[in-house]
Amino acid sequence: MTSDVKKYVVSCCLCQATKPTQRKTAGLMVPIQPQRPWEYTGVDYVGPLPCTQRGNAYILVFVDCFSKWIEVSAVREATAQVAADKFVTEIFARHGSSSYLISDFVSDLFEHVLSTLGTKHRLTTAYHPQTNATERVNRTVKTAIGAYVDNKHTSWDKYLPQICFALRTAPHESTGLSPSMMLYGRELDTPLDLITQPSWEGVDEPETSYSENLRASLQDVHEHARTVLTESHKRRKHYCDLRRRPVSYDVGDLVRVKLHPKSDASSNFSAKLAPLYTGPYRVSKRMSDVNYCLTKVDTGEKA
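Be aware that the sequence shown starts at 1, since it is given in full-length UniProt numbering, and climbs by one per residue.
Just so you know, the hints here were simulated from the structure itself, not pulled from any lab data. Hints may be right or wrong, so weigh each one.
Computed cross-link-like contacts, DMTMM-like style, restricted to lysine to aspartate or glutamate with a CA-CA straight-line distance of at most 25 Å [stated by the list, open to error]:
hint, residue 1, residue 2
1, Lys237, Asp150
2, Lys152, Glu71
3, Lys258, Asp289
4, Lys234, Glu135
5, Lys234, Asp85
6, Lys86, Glu111
7, Lys19, Asp4
8, Lys142, Asp85
9, Lys237, Glu135
10, Lys142, Glu173
11, Lys120, Glu39
12, Lys158, Glu39
13, Lys120, Glu71
14, Lys86, Glu71
Please work from the sequences and hints to get the whole structure.
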């Protein structure tokens, strides 16, 4: 009797759709582990923000997952075409081709541009911005803009160069080094540095060339970064996985998908009373340990 009741309750479609789970979040953390600058590049939009006098309403943010260097552009619209154009002019033209680009953009044009540059596209999952390295940078950029603009909310795009300089020259907590040191092997000069730095006039040239010193410096910096990033990823994964549980699905398994409804007072709809899950869906392809492709059971359409 007990087993029959338990089986009936577990298989109840209404219960599956409306009752919250009491278990840990499914899926262990899978950190990105780049080994060189611009191997992995994250991209995302911030906005919409108040439209500026120049017509800009969004910020497009690119982040190098290794050095933490950022490239930021104020743009008028948040489209995949704009992102593709900026990827060519701001990333490829300055830093070369990235091996992987992480984003949630879905566009044939975007895919064509990446394919032409030899870059593979890694799509982030819906409602899970943690998979993109730009999530934290976006918060930092918005906080910095708020500190600069005061009550002049339509002039935020004027302060992006200063904000970029500050983020590029500040030591990053995961590496202990600034993005400029990680990328160029030196710190960017400030106006004060130009006044206080010593003059090199009359000093004998060093025995080793500047290029040799720079190459050795970058090798040391990158080796240090790889070591500390590996330790940082292990530490983050350890604490993250304490709140998560391993899970694995096979092709053909039936699953439900979590909903993210929003309340609408005009139609008397409350998200708190709405179902939590929809489905069932069938697993059609395993993309990784935590990502799967799903199809609707009744129609076979992709989810």
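Evaluated hints:
no. : hint            : result
1   : Lys237 / Asp150 : violated (38 Å)
2   : Lys152 / Glu71  : holds (24 Å)
3   : Lys258 / Asp289 : holds (18 Å)
4   : Lys234 / Glu135 : holds (20 Å)
5   : Lys234 / Asp85  : violated (35 Å)
6   : Lys86 / Glu111  : holds (14 Å)
7   : Lys19 / Asp4    : holds (20 Å)
8   : Lys142 / Asp85  : holds (23 Å)
9   : Lys237 / Glu135 : holds (17 Å)
10  : Lys142 / Glu173 : holds (19 Å)
11  : Lys120 / Glu39  : holds (10 Å)
12  : Lys158 / Glu39  : violated (30 Å)
13  : Lys120 / Glu71  : holds (19 Å)
14  : Lys86 / Glu71   : holds (10 Å)
Violated hints, listed in ascending order, are 1, 5 and 12; each of the other numbered hints is respected by the structure.
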